[in-house]
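**Q** The lines below spell out each chain.
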Amino acid sequence: MPSLVRSASPRHNGITKLTNCRLVRGDELVWDDVWVSSATGKIIRSQAAFYDELIMPDEVIDLGGRIVSPGFIDCQLNGAYGFNFSTLLDDMTQYGKQVRDLNRKLVRTGVTSYIPTVTSQTSDLYKGVLPYLGPSGSSRRPHDGAESLGAHVEGPFLSPTKNGIHNRSVLRVASSFADLEEMYGAANINPRCPNPEVEVHSPSSSSSSSSNNSSTSLPSSPVSSSSFSSASSSDAQAARNSTIPVKMITAAPELGAMTRLIPELTSRGIVVSVGHSEATYEEASAAVSAGATMITHLFNAMRPLHHRNPGIFGVLGTNTTTPSTTSSSISTAAAAVPAVATSQRQQQQPQQPQPQQQQPGQKRRRPYFGIISDGIHLHPTTVKIAWHAHPQGLILVTDAMHMVGLPDGRYAWTNGEGEHYIIKKGSVLELEGTGGTIAGSAVTLLECVNNFLHWTGATLPQALKAVTATPAAMLGVQGVKGSLEAGADADLVVLSEAAGEEGRTELVVDEVWKFGVRVFERKKLV
Amino acid sequence: MRFFIREDAAAASAHVANYIVDRINHFGPTPAHPFVLGLPTGSTPLGVYKVLVEKYKAGEVSFENVVTFNMDEYIGIPRDHPESYHTFMWKHFFSHVNIHPCNVHILDGNAPNLEAECVEYEAKIQAAGGIDLFLAGMGEDGHIAFNEPGSSLASRTRVKTLAYGTILANSRFFDNDMDKVPKMALTVGVQTVLEAREVVVMALGARKALALQRCVEQGVNHMWTLSALQLHPHSMIVCDEDATLELQVKTVKYFKDIEQVARAQGFEQILPSKIRTGPATVPTTIVTDEFPAPTIHSPQPTTSRLLRATPATEYPVRSRSPSPEPNFTPRGHLRVDSDAQYTVSSRSASPDLVPDRMAERMEDPALLRRLTPNPEQQQLLNSVPRTTITA
Numbered sequence: 001m002p003s004l005v006r007s008a009s010p011r012h013n014g015i016t017k018l019t020n021c022r023l024v025r026g027d028e029l030v031w032d033d034v035w036v037s038s039a040t041g042k043i044i045r046s047q048a049a050f051y052d053e054l055i056m057p058d059e060v061i062d063l064g065g066r067i068v069s070p071g072f073i074d075c076q077l078n079g080a081y082g083f084n085f086s087t088l089l090d091d092m093t094q095y096g097k098q099v100r101d102l103n104r105k106l107v108r109t110g111v112t113s114y115i116p117t118v119t120s121q122t123s124d125l126y127k128g129v130l131p132y133l134g135p136s137g138s139s140r141r142p143h144d145g146a147e148s149l150g151a152h153v154e155g156p157f158l159s160p161t162k163n164g165i166h167n168r169s170v171l172r173v174a175s176s177f178a179d180l181e182e183m184y185g186a187a188n189i190n191p192r193c194p195n196p197e198v199e200v201h202s203p204s205s206s207s208s209s210s211s212n213n214s215s216t217s218l219p220s221s222p223v224s225s226s227s228f229s230s231a232s233s234s235d236a237q238a239a240r241n242s243t244i245p246v247k248m249i250t251a252a253p254e255l256g257a258m259t260r261l262i263p264e265l266t267s268r269g270i271v272v273s274v275g276h277s278e279a280t281y282e283e284a285s286a287a288v289s290a291g292a293t294m295i296t297h298l299f300n301a302m303r304p305l306h307h308r309n310p311g312i313f314g315v316l317g318t319n320t321t322t323p324s325t326t327s328s329s330i331s332t333a334a335a336a337v338p339a340v341a342t343s344q345r346q347q348q349q350p351q352q353p354q355p356q357q358q359q360p361g362q363k364r365r366r367p368y369f370g371i372i373s374d375g376i377h378l379h380p381t382t383v384k385i386a387w388h389a390h391p392q393g394l395i396l397v398t399d400a401m402h403m404v405g406l407p408d409g410r411y412a413w414t415n416g417e418g419e420h421y422i423i424k425k426g427s428v429l430e431l432e433g434t435g436g437t438i439a440g441s442a443v444t445l446l447e448c449v450n451n452f453l454h455w456t457g458a459t460l461p462q463a464l465k466a467v468t469a470t471p472a473a474m475l476g477v478q479g480v481k482g483s484l485e486a487g488a489d490a491d492l493v494v495l496s497e498a499a500g501e502e503g504r505t506e507l508v509v510d511e512v513w514k515f516g517v518r519v520f521e522r523k524k525l526v
Numbered sequence: 527m528r529f530f531i532r533e534d535a536a537a538a539s540a541h542v543a544n545y546i547v548d549r550i551n552h553f554g555p556t557p558a559h560p561f562v563l564g565l566p567t568g569s570t571p572l573g574v575y576k577v578l579v580e581k582y583k584a585g586e587v588s589f590e591n592v593v594t595f596n597m598d599e600y601i602g603i604p605r606d607h608p609e610s611y612h613t614f615m616w617k618h619f620f621s622h623v624n625i626h627p628c629n630v631h632i633l634d635g636n637a638p639n640l641e642a643e644c645v646e647y648e649a650k651i652q653a654a655g656g657i658d659l660f661l662a663g664m665g666e667d668g669h670i671a672f673n674e675p676g677s678s679l680a681s682r683t684r685v686k687t688l689a690y691g692t693i694l695a696n697s698r699f700f701d702n703d704m705d706k707v708p709k710m711a712l713t714v715g716v717q718t719v720l721e722a723r724e725v726v727v728m729a730l731g732a733r734k735a736l737a738l739q740r741c742v743e744q745g746v747n748h749m750w751t752l753s754a755l756q757l758h759p760h761s762m763i764v765c766d767e768d769a770t771l772e773l774q775v776k777t778v779k780y781f782k783d784i785e786q787v788a789r790a791q792g793f794e795q796i797l798p799s800k801i802r803t804g805p806a807t808v809p810t811t812i813v814t815d816e817f818p819a820p821t822i823h824s825p826q827p828t829t830s831r832l833l834r835a836t837p838a839t840e841y842p843v844r845s846r847s848p849s850p851e852p853n854f855t856p857r858g859h860l861r862v863d864s865d866a867q868y869t870v871s872s873r874s875a876s877p878d879l880v881p882d883r884m885a886e887r888m889e890d891p892a893l894l895r896r897l898t899p900n901p902e903q904q905q906l907l908n909s910v911p912r913t914t915i916t917a
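Those protein sequences? They're chains G and S, same order as listed.
Count the first sequence with my numbering and you get residues 1 to 526, in order.
Count the second sequence with my numbering and you get residues 527 to 917, in order.
None of these hints come from the bench; they were simulated from the model.
Keep in mind that a hint or two might mislead.
[To be verified] With a straight-line cut-off of 20 Å between C-alpha atoms, the simulated EDC-like cross-links for lysine to aspartate or glutamate are:
#, chain 1, residue 1, chain 2, residue 2
1, G, 17, S, 590
2, G, 17, G, 485
3, S, 576, G, 32
4, S, 617, G, 28
What you are looking at is a predicted structure, and each value in this text was computed from that prediction instead of being measured.
For reference, chain G alone in the conformation it holds in the complex:
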């Protein structure tokens, strides 16, 4: 006779239930379960799975009250484990292999997605490396490790006086979009076609074709457009995003025509970040009004806050456009610069609104901003002030160099201008012979989170948000990355709280899950 009770189905559905854990949900830690599927690589809606599909998880893992956070997202990583993204190799197929090796190592630190960053370099290097640094998650293979969400080109359209350790001789000024294309390679900042004016503005031309028709020169196929659908207003734009290797550009808006070019970049789904810049408050405001949504390592490589001109930092201080005393300068800056270009553009893109142009007094979005909380780049109090100025915008970044993950010592480094050496002592990197110029950092993102917790008194979820939900929102992948809600990619970090020095709480990465599969588990200390 058929039994009245049906036991759990023997077939495997690849679903794991993590239970007895605290989930980072918004600004709270919530006791709840999370169900992840290794089949779809996503967090699943457990109630619907139970009632609709009548499934039980294959495996139930009791985490013993530990914290489950979305996987970390590092928005500024120059390299790691001895591999520098800003490197041209003789055999560029080795470059791809090196990136994949790095991905598998990097994921063990809790970073499940990142933005590989290339510093100011010559055009040849950009054109050589960018095809290898584009979005790499489309295959959704858990054991590929950390996933690139697209490359970050930090330069070369930067201010020569705020170059940091970037090579001043490669810095350029852009006067037109063609300059950007020439620098980065048209294929790297355009969806498909080398002529952006035709391609980008033709309505819906690329929505389906571009996602199917990835250029064969790219090592990575595009991420499916559905996973990005929440990222942008239109599917067409989402499809375009996915094929562009470059996700973010750091530029000094005050130079050349950069402010005017911002809408061109954002229309392609590229995030424009203000950094390495001498921009005044007015210039920074104009850039934000034009569509810049990020500030690269706030405070570093920019004018300091001055009480009469707050500089770039000032744009965090208000959520309206400037009061009437300075609005004239903005409107002239915003209006005068693109006068010619917009008239050309508007003929070709009548459907493109100009969301960034706003009236004075109207609320505008404050930009997100990167903070390097390694204890060297910024004073703890500075971090705290920035956080209080705009808590929803703070993104912790490492800006780590390729020495991260390596033992202390003296490492060769080039910015394209002769041989230099960087001295690594712990997480401190100094350029040899410069008397202490900071040469990026060698911290992990988790160390940044722990510092941030300690310095600001932020709660755990608030600190973790700065490396999960906030960067995801900045990159337009909210709900897909940096989230534990159903439907998001099942990239998870299991954290335990350990007592660190001076009684402070230190988070420790115990487990890392990528696309619903555990890819790292810390060895238990017996």
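Given the coordinates of chain G, assemble chain S onto it according to the supplied hints.
**A** Then chain S, alone, in the frame of chain G:
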């Protein structure tokens, strides 16, 4: 009726949860012979679910071979709505224990044919062998499930319109917006609950005091539907001190004394072993694996079985004894409406009719013709349904 008074809500909840765990473990459910549990929603049983989950996690009980039926569900709100009873059960119970989704039954308030859904639900309960233990909460107006005052005590699973007071009370879960509150619900009937082999009712808090008094100290009355519990042979009420406020001191003392005496004698008030363990032999299956969309049978006159309920007949009888007449419709699924399925075949339900006309006893043959039609015809008419039952 067993009646337990505990100090507070937590103690009452723990008592009920412990009782359920004991019942399940003593029952020893197997895949072929599961423990069938009827479950309520609402604030009252929350504590019970909490303890049940704790006990599951402590390994004291397994729900692997437990089949559940829920009492009710709103009509017209999405199944995954935060206030739906599907969500409630998922959030507070099912997601934490090892119950298999195939064994969970909750009325579907979005079914295309709600009436058919109700018929099918009753059929599923029958197919699972009837409910072993129905847990219930008590409403402020003495309602059980959504059987609000005035509901028939012989009612079965059906569509119910909610009373204004209930809608008003529920609006606190729906942004205090009356328009968002579902106005209708599917609910098991009073009769459905009473057919369970055991009914455990909880009443917590002073707000339930009046209802508890009506249901325990006063007569059976459809205005306090839970009072029908008095007709159940194995019912249990568990309440906290606050809920006893309206009871007579005498009543409270009486039940407390009984519990104490029983315990002093080392004698717990327990169910007959037949019910505690269920039948030793598994009833012949009447289950077909799939349920075709049930058809609505023409309304059948229902004689309330309440009137027949006596402790002597272990009511209701779990298994339909093998009957020469199959209880199947030609399509092979259950007949859910027939009284016949509870009839034991060894004897007829009532004495056979002996056709005998008063007129025949009359002296005057002329009278014979003036009276009713031929007895032979009458007998023929009567015998048709009778034989189907007693054969």
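**Q** Which hints, by number, does the structure contradict?
**A** Violated hints: none; all satisfied.
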